[in-house]
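Residues per chain are reported as follows:
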Amino acid sequence: MPADSDLSRRRFMARAAKTFLGVSALPAAGLFGDHRLNAAGAGASTLRQVPTAKRVIYLYMNGGMSHLDTFDPKPGNEAMGPTKAINTKADGVRISEYLPRTARQMDKIAVINSMTSTQGAHKQGNYYMHTSYELRSSIRHPAMGAWALKFDGPQNPSLPANIMIGNESSHPGSGFFESRFSPLMVNNPEEGLRNSAPRTGVTDAELAYHLDLSKKLDREFTEKYQQKNVRAYTDMYADAVQLMKSRDLVAFDIDQEPAGLRARYGKNPFGQGCILARRLIEHDVRFVEVSLSGWDTHNANFVNVPEQAEVLDNGLATLLDDLDRRGLLDDTLVVLATEFGRTPEINPNEGRDHHPAAFTCLLAGGGIRGGQIYGQTNENGAEITENRVRIPDFNATIGYALGLPLDTVLYSPSKRPFTLADKGQPVTQLFG
Amino acid sequence: MTPTKISTLCAALTMAVLGISAAPEFQAAESETERVAVTDRIDQFIEAGYAANDVKPHPEISDETFVRRIYLDLAGRIPTRDESKVFLADQSANKRNRLINELLESEAYVHHFFNYWSDLLRAKTRIAGNGNSTPAGMAYLEWIKDALRDNMPYDEMARALIGADGQSWNNGAVGYYLRDYGMPLDNLALTSQVFLGTQIVCAQCHNHPFDEWTQMDYYKMAAFTYGVLTTNDSENAREATLLFSQQERGKGAGKGAGKSNGNGKGNNKKPAATDADDSGASMSMSMMAGDGDYDTREMRKAISEILFPVRFNSVRQTDRMPRLPHDYQYDDAKPKAVIWPETPFGPKLAIDRKDEGALDAHPSVAFAEWMTSPENPRFTKVIVNRLWKKVMGYGLIEPADELRAESVASNPELLAFLEQRFIAFDYDMKKFLRTLYSTRTYQREAHTEDVTPGLTYHFPGPLLRRMSAEQIWDSVVAMIVEEPDARSLGAELSRDRTLIKTEWIARAIYDLKPQELLDGALEIAAVQRRLSEEIQQTQVALAAAREDGDAEKINAAQAAVAEIRRQLQEHVAERIYRRGLKQKIELVSSGAGAIGSAENEGEAEFLTDLAALLERDPNFLAESGKPGKIGADDDAESRLKGAGYGGTLMEDVADRIMAPREEERRQINNEIRERELVAWNVDDKKERRSYDSFVRARNRLVRASELPSPAPNGHFLREFGQSDREVIDNANDQASIPQALELLNGEVITALGSRYSLLRRTLQDADSPDEMVRMIYQAMLSRDPSAEESAILTEALSKKETTPVGIVWALLNTRQFLFIQ
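One line per chain: the protein sequences are A and B, in this order. In terms of our numbering, the first sequence opens at residue 3 and continues consecutively. In terms of our numbering, the second sequence opens at residue 4 and continues consecutively.
Hints in this document: simulated from the structure, not taken from any laboratory. Even for Gly, the Cβ is constructed at its ideal location relative to N, Cα and C. A portion of the hints provided could be inaccurate.
[As the list claims (entries may be wrong)] Label pairs and their in silico Cβ distance ranges:
| hint | chain 1 | residue 1 | chain 2 | residue 2 | range |
| --- | --- | --- | --- | --- | --- |
| 1 | A | E225 | B | E804 | 55 to 63 angstroms |
| 2 | A | D206 | B | A54 | 52 to 60 angstroms |
| 3 | B | D149 | A | E388 | 57 to 65 angstroms |
| 4 | B | R533 | A | N380 | 56 to 64 angstroms |
| 5 | B | P415 | A | D409 | 39 to 47 angstroms |
| 6 | B | D429 | A | E225 | 42 to 50 angstroms |
| 7 | B | P415 | A | E192 | 29 to 37 angstroms |
| 8 | B | D429 | A | E192 | 55 to 63 angstroms |
| 9 | A | V411 | B | A427 | 45 to 53 angstroms |
| 10 | A | P419 | B | A427 | 39 to 47 angstroms |
| 11 | A | E192 | B | E602 | 51 to 59 angstroms |
| 12 | B | P711 | A | P350 | 31 to 39 angstroms |
| 13 | A | K226 | B | N702 | 38 to 46 angstroms |
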């Protein structure tokens, strides 16, 4: 076969990349580490688009963020309840009054108001958003951070490359990939990386002495059992010690940040998680997720959403501004995602219920053209009227920005075939 | 007494226990003969494999290796120094078999195999991924432990799970279905994978790409269990809903009609205002505030508010049948067709439309019978292969849960023999495990190389395995606390409290007459309406506060909403739960006959508990749900208006039920403390502080199986690969950086190094560096150090380069500690 059709397809893709991005489709060697790609196995794509982002900060709004009360307001419609819309720095983009600081950063953000999901329950929706696959009890699919590492490996070998900040225990992690691709969990951003410093009173010399002692005592065992997992432990100890000594460890220490800036991010786990995320990507950590819970506003939506939005507003707006000032926004993709939106109908408890049919996600930085709205919903935000974006499409867009091969098939241990975004199509119009 | 003397004494005791009377001795002798015969046969099958494939078996392991391995494999932790010394000192010929028996009968076995089963069954404390589902989760986990402790035969266990119905507090097995709340099709795929080793999940959406299953097979099989409902309802709630629509229709059709007028679908229509005097509802309706007219939606909302605290607790078997998906693409049926149950392989079992109403048992029960019958070609094969893998580290068929028509075992004769034996053993798991652990094959040295995928493994010895997360944690626990296998009293009390509270709420609701429940629901609907108005007012206030940027007012408005929500729940408690419990109290107080004439055992037990509580605390209900004592009054409104409405009714009731046991627990803890302060010479303030901090750490150091399942993210157990219990068999043994950080710098090493840890207290007896090193090796690796190891460490101690705790630290961070040889 198909060598021909293959070739023509490649040509098409290359042309498409050029057309959409004004870039060439030849891989930029320094960024990719092609040997790792080859290691990913048969079926690997020979073609990858040029990345527009090196790193991702993924903000996850847990519980289902009300699109109407945040980024898709419908002024004048009764669905809005008491929520009003305000103008933003971007012409023609109006968002909710609960996000005044984000409004001033709107020139950096692409709002996708035409997101749609097939999943109406939290766990299923959250899983779908993170993996592009529907939740099945018989398999765990990898989340985006794990895919990125699987293809490209870490950019900074002395730090963990995939980090999750927050108390989200249902994260799909590395799915069926090796567990080393799992995000390292940071429950409390103020605490940083747990156990990364020696216990009180233990000196570096003592640590080194005892590690050496361990090795001596283990010599016979490690010689006898020449096995992969035994060696993996030996290597892992070396990595852990390297990490403990690494100058980059300071990335985890948000106490290094000026008090004023920390306050602007918001003195709450999400805001402090955002500032930690910025420090981590400054040290070339590839994928950092920060989660914000509390969006499940079945009750008193118009009391609870403003409170949530304030936390989001401080974290997101300060993050974008901070990244921009440091020149990091150009190659850092900031994503804001959630499992679904909320109903235009206001229920008897003055709340809004789950609404997967239409909702909003954001992309910013990393090659995304800011100040635009993509897709549209009808007059009360219930239905999509233009440019539907399915969750796999959204995730394909993230993968596309990172220059990951969207068509490379990897197999689970049960020999089922999977791709990075389940054949989603990247929304290339968002770039440039 | 020195440790050596204690061990000798223990050995003597063990001997005495094993020889107590003639009859068991005879039985023991008989089963011993049987065991020898079966294990020999297993070894012969394996050894025939060596001969045929030119495989050289590994040498038999030493007693030192055996004792550490068998403790880890059966008790789930390393042996304490005393335990291994007792075994090593024992000179009798059959001491290995005796230790196997002893460990199988210990609580440690329950702890350890629970981890295995909860990974396989994906059993979680928060069973449906939600805080409200903990009662059922806790009951399910406890059910699994009970089954293991009682050695419930495996086939019986499978039937109990698949045929489960009832409530969490009377049948923990309902957790099997609640685990897949609202996902009956997925549940069937899991059943098939767990019990039949058959992965048919692909066929949920299309014909299986590389196996024989069609989507039709899948739906036919799923039809057996599709009728098992996990929805939160109750008989009286269903009847109350029916009553409501009848009464509404009655109103719509004019006075006194009471029957359907054929316009039965108009439930959502809000009826016109009417003088509701035609039914039992009239009295309560006239009592209510507002206009007294509620639509079906409001009524259902009120009912669901009432049932809210008992959701995720009930499983009901019905005859509901599934329909094919709307996009069904094959020719054998139309999309959305109703599918009747039929089994895809083995002896055929089918139920069709003409059987409707004529079944002896629910389809799921019939399915469980089919599945567990010895004629089922996969049921026994799968469990035998799983247990073989658990023992040896590698299945006779791999992967163990993906049997196919063409799957061939590496040693087919052996697999067939094991299947036949397990059936002959009546699916007695302990008996089967005892046999496997007694084999020469198991008691050989671990394989030193990796098993090459694709090549057949002939079992020259078991595989070298990294300890599971639970084995590592539990081994650490065993080095720190005195009775590592003791169950956690704290966990027991919190479990019982949660379950009792849920059960009492449910009994208060379920036994109300439908009309009573309906009346209550309408009262709640009135409250909902009023509170919804309050929320709207709060919103206005909030908007104004935001306009002014008044942070205080914003906070106040937010607090007001939380308060409104709390009020709704309290109204429910007052109007429904208090009413229901009151009726129960009246029943118990009415005379001695009430308990005897209870409908079932569960009800009788509940009434007995209630009577006991009344005896102890006669006014418990009147005094619950509010501060201080007030006179007997049942006017919910005035209670709620009381400025200081403090407690939550059912929390208070639960506190009162649990009070004596909580008190007992406090006493036990005090006694332990007093005893230890003396025994461990904790004299001054500083020592007391360090003792207290040790006790705080110790409180968390219970067996992994006594902690929430799974442990929270970031917990030691999760770092080491404990399963998240989301996918079958999801634990992993892979290295990750946080593991090293944990063992190098984490809390565990601090607790281990505390002067009060079991290990440190043991080391006090060492009178030379040499002895010190030997004791550490015995405690951590169940052996004496080699001459080389001893030389290195003795010298390091003498030169003060390290300390005993330093040596413990170094050994904890070796591979040989972490891997099971």
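Evaluation of the provided hints:
no.: 1; hint: A:E225 x B:E804: 55 to 63 angstroms; verdict: 24 angstroms, violated
no.: 2; hint: A:D206 x B:A54: 52 to 60 angstroms; verdict: 56 angstroms, holds
no.: 3; hint: B:D149 x A:E388: 57 to 65 angstroms; verdict: 58 angstroms, holds
no.: 4; hint: B:R533 x A:N380: 56 to 64 angstroms; verdict: 34 angstroms, violated
no.: 5; hint: B:P415 x A:D409: 39 to 47 angstroms; verdict: 42 angstroms, holds
no.: 6; hint: B:D429 x A:E225: 42 to 50 angstroms; verdict: 47 angstroms, holds
no.: 7; hint: B:P415 x A:E192: 29 to 37 angstroms; verdict: 59 angstroms, violated
no.: 8; hint: B:D429 x A:E192: 55 to 63 angstroms; verdict: 57 angstroms, holds
no.: 9; hint: A:V411 x B:A427: 45 to 53 angstroms; verdict: 47 angstroms, holds
no.: 10; hint: A:P419 x B:A427: 39 to 47 angstroms; verdict: 43 angstroms, holds
no.: 11; hint: A:E192 x B:E602: 51 to 59 angstroms; verdict: 55 angstroms, holds
no.: 12; hint: B:P711 x A:P350: 31 to 39 angstroms; verdict: 34 angstroms, holds
no.: 13; hint: A:K226 x B:N702: 38 to 46 angstroms; verdict: 39 angstroms, holds
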